[in-house]
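Residue numbers (numbering that gives the first Met the number 0), protein chains in the order written: chain A, 0 to 533; chain B, 0 to 186.
It is possible that part of the hints are untrue.
Claimed, not checked - Covered stretches of chain B, going by a simulated chain A footprint (3 or more residues, C-beta under 8 Å):
no. : segment
1   : 57-68
2   : 141-155
3   : 158-170
Said to hold, decoys possible - So these bits of chain B aren't anywhere near chain A, every CB distance computed over 12 Å:
no. : residue
4   : V50
5   : V81
6   : L85
7   : L92
8   : P94
9   : A106
10  : L111
11  : G126
12  : Q129
13  : V133
To be verified - Per label pair, the in silico range of CB-to-CB distance:
no. : chain 1 : residue 1 : chain 2 : residue 2 : range
14  : B       : S159      : A       : G481      : 25 to 35 Å
15  : B       : I115      : A       : E416      : 25 to 35 Å
16  : A       : E328      : B       : G114      : 29 to 39 Å
17  : B       : Q129      : A       : S155      : 34 to 44 Å
18  : B       : G34       : A       : L349      : 47 to 57 Å
19  : B       : R170      : A       : K34       : 31 to 41 Å
To be clear, the hints were calculated from the coordinates, so they are not data collected in a lab. C-beta: ideal position from N, C-alpha, C; glycine also.
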Amino acid sequence: MTGPLPAPAPVPVPGEDDLGWRRMHPVTPAVKGWKVLVAVIAVIAWNAADEVRDLAELLGARVWLFVAGAIVLAALIGFGYSAVAWRMTRFAVTDEAVHLRTGVLFRQQRQARLDRLQAVDVVQPLLARVLGLAELRLEVAGGAGSAVSLAFLRESEAEQLRAELLARAAGVHRGRRPAAAAGAPAVVAEPVPAADGSVPATGAATEPVAVPGEGVPVGAGAPAGAPGADDGPWDDGPAPVAPERPVYEVPVGRLLVSTLRSAATVWLVLLLVVLAVVVVTTGELGSAFAVLPPLLGMASYTWTRFNRGANFRAAISPDGIRLRHGLTESRAQTVPPGRVQAVQLTQGLLWRGPDWWRVEINVAGYGSATDQNQTENVLLPVGTREDALLALWLVLPDLGTDDPRALVDAGLTGREEDGGWAVAPRRSRWLDPVGWRRHGVTVTDRALVLRSGVLVRRLVVVPHERTQSLTLAQGPLQRRLGLASFQLQSTPGPVTPAVQHLDERVAAGLMDEQATRARTARAGAGPEQWMRRA
Amino acid sequence: MTTPDGDAVAPPQPDAVPAPATAPVRESEPFEPAGVAWTPVSPRLATARLVVGLIWLGVPLLGFALAAVLSPIVWFWIPAGVFALLALWTAWLVPRQVRALGYAERADDLLLRKGILFRSMVVVPYGRMQYVDVSAGPLARKLGIASVQLHTASPGTDASIDGLPTAEAARLRDQLASRGEARLAGL
Numbered sequence: 000m001t002g003p004l005p006a007p008a009p010v011p012v013p014g015e016d017d018l019g020w021r022r023m024h025p026v027t028p029a030v031k032g033w034k035v036l037v038a039v040i041a042v043i044a045w046n047a048a049d050e051v052r053d054l055a056e057l058l059g060a061r062v063w064l065f066v067a068g069a070i071v072l073a074a075l076i077g078f079g080y081s082a083v084a085w086r087m088t089r090f091a092v093t094d095e096a097v098h099l100r101t102g103v104l105f106r107q108q109r110q111a112r113l114d115r116l117q118a119v120d121v122v123q124p125l126l127a128r129v130l131g132l133a134e135l136r137l138e139v140a141g142g143a144g145s146a147v148s149l150a151f152l153r154e155s156e157a158e159q160l161r162a163e164l165l166a167r168a169a170g171v172h173r174g175r176r177p178a179a180a181a182g183a184p185a186v187v188a189e190p191v192p193a194a195d196g197s198v199p200a201t202g203a204a205t206e207p208v209a210v211p212g213e214g215v216p217v218g219a220g221a222p223a224g225a226p227g228a229d230d231g232p233w234d235d236g237p238a239p240v241a242p243e244r245p246v247y248e249v250p251v252g253r254l255l256v257s258t259l260r261s262a263a264t265v266w267l268v269l270l271l272v273v274l275a276v277v278v279v280t281t282g283e284l285g286s287a288f289a290v291l292p293p294l295l296g297m298a299s300y301t302w303t304r305f306n307r308g309a310n311f312r313a314a315i316s317p318d319g320i321r322l323r324h325g326l327t328e329s330r331a332q333t334v335p336p337g338r339v340q341a342v343q344l345t346q347g348l349l350w351r352g353p354d355w356w357r358v359e360i361n362v363a364g365y366g367s368a369t370d371q372n373q374t375e376n377v378l379l380p381v382g383t384r385e386d387a388l389l390a391l392w393l394v395l396p397d398l399g400t401d402d403p404r405a406l407v408d409a410g411l412t413g414r415e416e417d418g419g420w421a422v423a424p425r426r427s428r429w430l431d432p433v434g435w436r437r438h439g440v441t442v443t444d445r446a447l448v449l450r451s452g453v454l455v456r457r458l459v460v461v462p463h464e465r466t467q468s469l470t471l472a473q474g475p476l477q478r479r480l481g482l483a484s485f486q487l488q489s490t491p492g493p494v495t496p497a498v499q500h501l502d503e504r505v506a507a508g509l510m511d512e513q514a515t516r517a518r519t520a521r522a523g524a525g526p527e528q529w530m531r532r533a
Numbered sequence: 000m001t002t003p004d005g006d007a008v009a010p011p012q013p014d015a016v017p018a019p020a021t022a023p024v025r026e027s028e029p030f031e032p033a034g035v036a037w038t039p040v041s042p043r044l045a046t047a048r049l050v051v052g053l054i055w056l057g058v059p060l061l062g063f064a065l066a067a068v069l070s071p072i073v074w075f076w077i078p079a080g081v082f083a084l085l086a087l088w089t090a091w092l093v094p095r096q097v098r099a100l101g102y103a104e105r106a107d108d109l110l111l112r113k114g115i116l117f118r119s120m121v122v123v124p125y126g127r128m129q130y131v132d133v134s135a136g137p138l139a140r141k142l143g144i145a146s147v148q149l150h151t152a153s154p155g156t157d158a159s160i161d162g163l164p165t166a167e168a169a170r171l172r173d174q175l176a177s178r179g180e181a182r183l184a185g186l
């Protein structure tokens, strides 16, 4: 924890310490207040509906006056609270961390270390989008609720801040001011002039010397947005926004069709058939209302899935993977290199015809939120096999094999041992009569590749250096058959890498080897600050 | 290095620590890696678990037995007998389970094993540890044992060692912490 901590003063004044505290955009309370207003009205409507009705009878004609008064009161509470909360919220950015102070009654100061940054999201709910505001979410690997949310900032400011944070997290020190920069650990690197010809002003600051992957100089991007004259904690201009190259996008038509070709739709149709049968046989329409809640639930599920996956575009930049999506609420995610812990490609039964795949990732910060419909972990909502391969390439440019295409094809649909797959032996059909043909695992130089699922096909890829721990398990039946299951623990997320019912000796050998491979890969893995070469 | 079915694969990082040559298919018992000396946990853990288990089973057993003795209903002997059988089974099972627990500190990772009918073995690399918990309840304190739990970035890592003598728990904690620090790798 470097950087001086501010004194716990009750009302922090900007500039009282050298962190350069800043406030959110002043319109924030107006945007956030609506939520409180709606919540207050909803709570009253749910809990006190009867009392309100009694009151309405009592008041007679003046009821509308009363309703208007209640709404004004709720609005006052909502906007008033948001305004106070806004006053108490401020943030600061240093070379090592982002500090955030919140709370009206219960104060909280949160510090997110930039070298532990897992992802940066720019989220724009509909209202904020209309007003040109955006929320900046910094995900650190602290489990659910550990994200640092800066809401709301001006859109350009949010994007500028994102570029700045990513540059700092990458180990490219911009040098906030000479005093702070001098205290930072020096990097051995020769200063390279940026593409626009300017050389960094402060001496202790360094420019990046190497960019992973495409050889795009980080300074080549046009600086986005001018820094505010009064709010900038940086002395030497804005960090350049890393240039990005689009990789794939999801057409709306395909998303729509794929959403309709999902299990939810099958259930919906089944439900409607059952409903029709019930209504016809009993002749009562009343029973139709019983299916309304599940119907609404499924409709909302389908809509949410479509809404969040719409306009899906993926791009690659030196800062990592860029994902943009969302119809009403738009979200732009940046996952820096080496932050993806595991990838999973899945294909449901109804997607088999057009050969569509869904790609999901484990990123430490995103965690496994309770929301089943979350899209933070989605790398590709629906795509052809080519798109899925591209998505996999985004995460692992080098799969560590001569013929990645053949490997992935065998993993997606294959059932045989060809191409170096260790598969579940035939005797495992007693334990898994349908799925046993697909259980398999193979190893490349860079990753462990696991496949499973006959009906819902699944392929999981885990880079060796992202192995958290390994488990070998065997139940009594497996023991009789000489089988064992192998699991690899990853960070929380939709991907759980495991392969069932391998031959016990193969599984044990795999465990021994994988422990060694993971260790070797970790020793050779790049630094957390991905632009920094030690 | 080879894949499990024998295809030759180049080592991932030729300049990094050379990996010991392991056979692709291990010839020894799957749950007995070669060259690993398992450290058993303290047998006092069996005492601790038995005390807890027998309290849970003993109270209803006594209740039903009393009811059977005091009331004219003979049927109360049936649940009493069931609980007595369960208690006997627990008394037989728990010491065996405790004997099946073990751990081994290797150069780069910690090995844990447990279970007889449902066996499992976990490998936790020291560099993946995020923090270590040492805990002991009142009964465990009385018996001089504690449990050490390792946490990685994955909630799925089931790596806790129950029933370590207190001194050994402290040593292991410090050992794990220092080894973790030496091999620390982000996530």
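Structure-based check of each hint:
no., hint, verdict
1, 57-68, "violated (count 0)"
2, 141-155, "holds (count 5)"
3, 158-170, "violated (count 1)"
4, V50, "holds, 28 Å"
5, V81, "holds, 23 Å"
6, L85, "holds, 20 Å"
7, L92, "holds, 14 Å"
8, P94, "holds, 20 Å"
9, A106, "violated, 9 Å"
10, L111, "violated, 9 Å"
11, G126, "violated, 6 Å"
12, Q129, "violated, 9 Å"
13, V133, "holds, 19 Å"
14, S159(B) to G481(A): 25 to 35 Å, "holds, 29 Å"
15, I115(B) to E416(A): 25 to 35 Å, "holds, 33 Å"
16, E328(A) to G114(B): 29 to 39 Å, "violated, 47 Å"
17, Q129(B) to S155(A): 34 to 44 Å, "holds, 37 Å"
18, G34(B) to L349(A): 47 to 57 Å, "holds, 50 Å"
19, R170(B) to K34(A): 31 to 41 Å, "violated, 52 Å"
Violated hints, in rising order: 1, 3, 9, 10, 11, 12, 16 and 19; the structure is consistent with all others.
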